[in-house]
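**Student:** Residues per chain, in single letters:
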Amino acid sequence: MRKAIVVAVLAVLVLGTMLLWMFNSESAFKGSSSIIIGIQVVILVFAVLVVVKRWTAKKQNLPAEDEMSKRILQRGAATSYYLSIYMWLALMYFEERIELERSTLIGAGILGMAILYGLSWVYHTYIKRSHD
Amino acid sequence: MTNRIRELRARDELTQMDLARKVGVRRETIVFLEKGKYNPSLKLAYDIAQVFGMKIEEVFVF
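Protein chains in written order, with my numbering: chain A, 1 to 132; chain B, 1001 to 1062.
Treat the hints with caution; some may be incorrect.
Unchecked claim - Simulated crosslink set (DMTMM-like; lysine to aspartate or glutamate; CA at most 25 Å straight-line):
1. A:Lys58 with B:Glu1034
2. A:Lys58 with B:Glu1013
3. B:Lys1037 with B:Glu1057
4. A:Lys128 with B:Glu1013
5. A:Lys128 with B:Glu1028
6. A:Lys58 with B:Glu1057
Unchecked claim - Pair ranges (Cβ atoms, derived):
7. A:Leu105 with B:Glu1013: 58 to 64 Å
8. B:Ala1010 with A:Tyr123: 28 to 34 Å
9. B:Leu1042 with A:Val45: 36 to 42 Å
10. B:Ile1056 with A:Leu20: 23 to 29 Å
11. B:Lys1035 with A:Leu20: 30 to 36 Å
Everything labelled a hint here was simulated from the structure, so no lab data went into it. Computed from a predicted model, the values in this text were never measured in an experiment. Using N, Cα and C, we set each Cβ at its ideal position, and we do this for glycine too.
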């Protein structure tokens, strides 16, 4: 339950920071910034889903995490780590060909890793036929 | 590895939720166990066998 509260607090902090940035920045809704906002919204939705799932489990008097869900998290982390190596290689390749600021590149890489982790979790939870 | 969880659950008139609560796992884990898509730890297999009053090898068939 504590983890769910921590995730909820972090999600609210990120959302608050995003809103502040959007209302104080003129470039927030232009070009690549809107893509970044979209990605951040996806990550926030994912965080909200995690909190709701844990909250529902708590109400049903079931554990928030059990041995299978922990194994899915581990598998998701392993898969996303493996895929992120190739993503960073691709980013390094494109860095030489497209003019990108280093901070933008690192930001894109971190967001990409988060998205890969989310996708890996979804794959191992809903698509993969076996959790062994 | 196959198991008789669904059959034994029906015999004892337990829902998946009931069994999940008794052994301390999420309902999804029972679903995946019944479908044969997840092999439980030794402790979970023992707990499930205990719920049905049987030995592990009578519930899980190797």
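**Student:** Out of the numbered hints, which ones does the structure contradict?
**Tutor:** 4, 6, 10 and 11
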